[in-house]
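Q: In terms of our numbering, the sequence shown is residues 14 to 240.
Please note: incorrect hints may appear among the correct ones.
Below 30 Å or equal to it, Euclidean Cα-Cα: the simulated BS3-like pairs (lysine-lysine) are [claimed, not checked]:
| hint | residue 1 | residue 2 |
| --- | --- | --- |
| 1 | K157 | K100 |
| 2 | K157 | K217 |
| 3 | K156 | K217 |
To be clear, the hints were calculated from the coordinates, so they are not data collected in a lab.
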Amino acid sequence: MTRVLVVDDEPQIVRALRINLAARGYEVLTAHDGAAALRAAAEGRPDVVVLDLGLPDIDGAEVIEGLRGWTAVPIIVLSARTDSGDKVRALDAGADDYVTKPFGMDELLARLRAAVRRGAAAAPGVEEAVVETASFTVDLAAKKVHRDGAEVHLTPTEWGVLEVLVRNRGRLVAQKQLLQDVWGPAYGAETHYLRVYLAQLRRKLEPQPSRPRHLITEAGMGYRFEL
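Make the full structure from the sequences, and use the hints.
A: Structure, rendered in structure tokens:
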């Protein structure tokens, strides 16, 4: 059974979607704000997310970014916002489709079926919102790291490097790929950036920074994250 997470703070819309989706054989999870949506996605592992942008606690685009920190689940935005800037921001954050309110139920269901097909055809990956090592914990949805019970402050760039490595845990990430993912296409040769930022991350996260067990250097090739 396909599992759908519906995220909206309008009870009428949630009720209408729950009734229509359940009648067509979908299992429906619901959340009424962004924080609940991130928890429901981590715990319920939906096959597709239908998400409103105007949530009461955090903006829907931030929810998309939180989900994209650890999962490739298809996301359909369902929003009353019609401004092109809102659409661009949502799509850039990682949404797969954008439907404006008011909407036709048949069209939304067709887009949902298409998103589920695309998601099923995509190569499966390791999807965990929280990754625990023997030394620290990485929450990919909340974009936070904890060590010894306390949150570790990371700069945006440090987080970017760590996130790429954690999402590819156990696999070698080439220097060029890491540079381009974090800094952009023009930085593929700036390998000294990596040496600086990996050293900073090891000082903050590794029990013995000079003998790292989690942030591993593969000399001349790249880096690897190990649990």
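Q: For each hint, tell me whether it holds in the structure or not.
A: Structure-based check of each hint:
Of the supplied pair hints, the one linking K157 and K100 holds, its CA atoms being roughly 27 Å apart against a limit of 30 Å. Only pairs whose Cα atoms come within 30 Å are accepted, and K157 paired with K217 is accepted, the gap being roughly 13 Å. With a C-alpha separation of about 16 Å, the suggested pair K156 and K217 falls inside the 30 Å cut-off, and the hint holds.
Of the hints listed earlier, there is not a single one the structure fails to meet.
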